[in-house]
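Number of protein chains: 2
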Amino acid sequence: MYREYSAEQLNELKSELLAQYEAYKAKNLKLDMSRGKPAPEQLNLSIEMLTHCLDGDYKSENGIDCRNYGVLDGIPEAKELMRPLLGVAEDEIIVGGNSSLQLMYDTIARAMLLGVYGGEKPWCKSNKVKFLCPAPGYDRHFAICESIGIEMITVPYLEDGPDMDMVEKLVAEDDEIKGIWCVPMYSNPTGISYSDTVVKRFANLKPKAKDFRIFWDNAYCVHHLTDTPDKILNILEECKKAGNPHMVLMFTSTSKISFPGGGLACIGASAENIKFIDSQMTYQTIGYDKLNQLRHAKFFKNFDGITAHMLKHKEIIAPKFNIVLDMLNKEIAPHGIAKWHNPNGGYFVSFTGMDGTAKRIVALCKEAGVVLTGAGATYPYGKDPHDSNIRIAPTFPTCDELQTAMEIFCVSAKLASVEKLLEK
Amino acid sequence: MYREYSAEQLNELKSELLAQYEAYKAKNLKLDMSRGKPAPEQLNLSIEMLTHCLDGDYKSENGIDCRNYGVLDGIPEAKELMRPLLGVAEDEIIVGGNSSLQLMYDTIARAMLLGVYGGEKPWCKSNKVKFLCPAPGYDRHFAICESIGIEMITVPYLEDGPDMDMVEKLVAEDDEIKGIWCVPMYSNPTGISYSDTVVKRFANLKPKAKDFRIFWDNAYCVHHLTDTPDKILNILEECKKAGNPHMVLMFTSTSKISFPGGGLACIGASAENIKFIDSQMTYQTIGYDKLNQLRHAKFFKNFDGITAHMLKHKEIIAPKFNIVLDMLNKEIAPHGIAKWHNPNGGYFVSFTGMDGTAKRIVALCKEAGVVLTGAGATYPYGKDPHDSNIRIAPTFPTCDELQTAMEIFCVSAKLASVEKLLEK
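If you're matching them up, the sequences are chains S and R in order.
In this text, residue positions in the first sequence follow this note's numbering: the first is 8, and each later residue adds one.
In this text, residue positions in the second sequence follow this note's numbering: the first is 8, and each later residue adds one.
Don't take every hint at face value.
What the hints assert, rightly or not - Heads up, simulated DSSO-like pairs for lysine-lysine below, C-alpha to C-alpha not over 30 angstroms straight-line:
#, chain 1, residue 1, chain 2, residue 2
1, R, K373, S, K282
2, R, K213, R, K248
3, S, K66, R, K34
4, S, K135, R, K132
5, R, K128, S, K128
6, R, K132, S, K215
7, S, K390, R, K128
8, S, K135, R, K135
9, S, K305, R, K66
10, R, K135, S, K282
11, R, K373, S, K66
12, R, K308, S, K66
13, S, K373, R, K66
14, R, K308, S, K305
Keep in mind the hints are simulated off the structure, nothing from the lab.
With the sequences and hints as input, model every part of the structure.
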């Protein structure tokens with residue numbers, strides 16, 4: 008435990024760590040671990056889809072020529088394929104283009120300009136629009152809010168989800184709070200999944216704003232890393248039970264199932280919400296790429312096909328998570344300078360170091376050739392109040408690269424911690 | 008000339024036409040000519056793209072794995088392919104997803120919420136936002152405005168483009184006018200192309216609103232029907248000469264080159280506009296479908312490839328336009344009850360009948376099994392002040408179907424005209 012070291016011991020340790028660090032630096036490495044990107048081996052799992060998948064056949068099961076105009080909300084077999092990911096009925100889904108981020112952004116843009124189902128006026132007609140942002144969270148969620156001028160209120164994460172006492176209190180009091188961001192399963196970056204209690208409390212929220220929406224980004228719903236995957240309750244079902252059927256909008260995509268550049272994204276919600284969104288969306292586009300929808304439906308066939316496919320992803324990436332966790336357990340745990348969660352799925356390990364060390368660790372890594380997600384990125388406005396959280400994305404590098412990157416990371420984390428302790 | 012007929016002659020003619028009409032009705036036809044859709048034979052021209060085009064190769068020329076995240080504005084070879092369509096430089100283009108309509112809608116939504124390059128505030132902060140709408144025009148342009156609450160001001164079309172006296176006067180006077188819709192080549196539905204004078208007058212507009220934009224939807228830029236195609240000036244170049252480089256936003260797509268369901272769309276504009284749009288768009292999506300961009304680049308290779316491809320389209324659809332025009336010349340022209348333009352390209356023949364007959368003609372056709380674009384659709388708010396314009400879309404039906412459909416159309420047009428003349 009570094010905290011128990013004397014100043015002398017810390018200085019000695021610092022010299023040692025600096026020497027180690029300089030040795031790594033001399034290697035002139037160049038590794039990018041900044042984003043949760045699948046590795047090329049993962050993308051290879053789906054390449055059949057790109058070639059002969061549509062040989063001589065481009066009609067949907069109901070006879071639509073997928074090459075031509077039409078069908079705003081997705082061809083039947085694409086809906087059928089995606090429905091189980093969100094646990095929704097046929098009339099509770101829209102299959103869109105290649106990006107769930109785009110569906111989320113567009114949903115918020117429409118809510119701002121036009122309003123949501125049952126809302127009295129567009130959000131932008133409110134004095135202010137605010138979102139609750141459980142943090143650490145997904146930087147691109149927060150960036151949407153910031154870009155559109157939506158004020159963000161940070162809500163801390165507890166062990167089983169956002170601090171629901173705070174969420175309940177805030178939404179009940181303030182009708183300018185129009186939404187909350189959630190990544191309910193293998194949360195980005197914490198890796199935790201929401202407990203049944205948390206999901207039920209979400210479904211039973213009593214927001215003062217009648218046009219409040221839960222943005223339920225279930226990006227990692229089938230992205231398991233272990234044989235004992237997490238399970239979460241179906242929020243739409245819970246919302247229906249609670250008499251709040253229209254309060255949740257769910258999103259997911261195949262970005263980390265098939266291709267991040269060329270997958271399918273979808274929205275799930277109450278039939279009324281979906282109908283309303285369709286009625287707004289029809290002015291934006293005649294339809295998304297049905298050929299890519301057909302490609303996915305033919306390749307995966309059904310949800311079992313996706314499940315089997317995800318096991319292959321797991322085989323590739325679980326060892327990478329193990330490298331990260333083994334290194335942290337071996338190099339960091341004994342010194343009491345950080346904590347992290349051992350995720351059952353998702354794409355990240357969330358590292359929480361000593362206060363005031365995250366930026367320094369990221370800078371040290373960068374100087375030694377390892378690019379991490381910027382410190383603070385996991386918080387609204389990019390400002391981590393404790394400057395302690397770092398998102399580690401193990402999937403893209405090779406195992407060898409990752410091993411080296413984690414060695415550098417651990418040396419950097421130790422060095423930054425020792426420096427911090429010496430300041431005191 | 009029906010106008011010169013006596014009431015008795017008209018009544019006699021009406022009986023004859025009714026008998027002909029009833030005979031067609033008895034055939035119980037079902038033909039849809041409501042939209043400008045390519046025929047299956049046209050889509051077959053590009054099917055190679057759907058199969059082996061990406062065999063074992065999914066890297067862009069600059070080494071980007073098109074299956075993975077990244078590249079907001081399009082891979083280099085897709086930009087290279089699309090640039091000549093709009094006549095823009097490398098830094099003056101964004102290649103997007105499958106829909107130019109979506110790019111236009113999103114551009115307007117962002118202008119409303121966030122503002123445009125050089126604008127002082129978002130459009131929605133104005134008391135009112137108005138668009139000039141040359142009409143008859145594209146119904147989906149007008150629908151975007153209507154859905155977002157942008158007030159539309161109709162501008163009539165003259166022989167060589169919109170009434171520029173009116174356009175110049177209105178934009179100079181009213182700073183709530185933020186945009187104008189243009190389809191400069193083979194205009195939807197009139198088929199005319201803007202003269203050099205009109206393009207230059209556009210480029211030299213002096214709008215009172217500093218954040219005014221020309222929405223230049225060059226949807227039919229390579230969609231020629233004859234060996235003597237129209238040519239239009241490059242509006243961006245003209246705008247630069249006139250000192251208004253940022254006033255125009257250009258759009259086009261391969262929807263009617265490759266696939267309406269799975270093509271590529273793009274925005275062209277000044278480098279400053281493009282940079283600004285990129286800076287806003289980065290919050291909406293990580294990137295469009297690069298695999299489809301690569302597919303198109305590999306299939307068409309370059310602009311010459313597109314030009315050669317469009318000749319094949321012409322071979323398929325020019326005969327269909329001839330069927331429409333021959334029928335109109337033979338059946339309608341002698342009676343002085345309508346006029347139309349003989350287009351050198353595009354997807355439509357714009358039929359202007361006697362005042363107060365368009366709705367009736369469309370209804371008669373529908374009753375006889377031929378669905379046309381709704382009368383009025385080519386005007387803002389769906390309201391044709393003269394109830395005289397009908398958009399004929401010849402491309403989708405087979406030649407035989409089209410022949411029959413046009414027979415029904417001509418009988419219906421004659422019948423409606425005779426009815427109208429009898430009212431007087």
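Hints versus structure:
1. R:K373 <-> S:K282: Holds - the C-alpha atoms of S:K282 and R:K373 are around 28 angstroms apart, at most 30 angstroms.
2. R:K213 <-> R:K248: 14 angstroms, holds
3. S:K66 <-> R:K34: 29 angstroms, holds
4. S:K135 <-> R:K132: With a Cα-Cα distance of about 14 angstroms, the restraint between S:K135 and R:K132 holds, given a limit of 30 angstroms.
5. R:K128 <-> S:K128: Distance ~21 angstroms between R:K128 and S:K128 Cα, so the pair holds.
6. R:K132 <-> S:K215: Distance of about 26 angstroms is within 30 angstroms: holds.
7. S:K390 <-> R:K128: 27 angstroms, holds
8. S:K135 <-> R:K135: 20 angstroms, holds
9. S:K305 <-> R:K66: 24 angstroms, holds
10. R:K135 <-> S:K282: 29 angstroms, holds
11. R:K373 <-> S:K66: 27 angstroms, holds
12. R:K308 <-> S:K66: 27 angstroms, holds
13. S:K373 <-> R:K66: 27 angstroms, holds
14. R:K308 <-> S:K305: 28 angstroms, holds
Consistency with the previously given hints is maintained throughout, with no hint failing.
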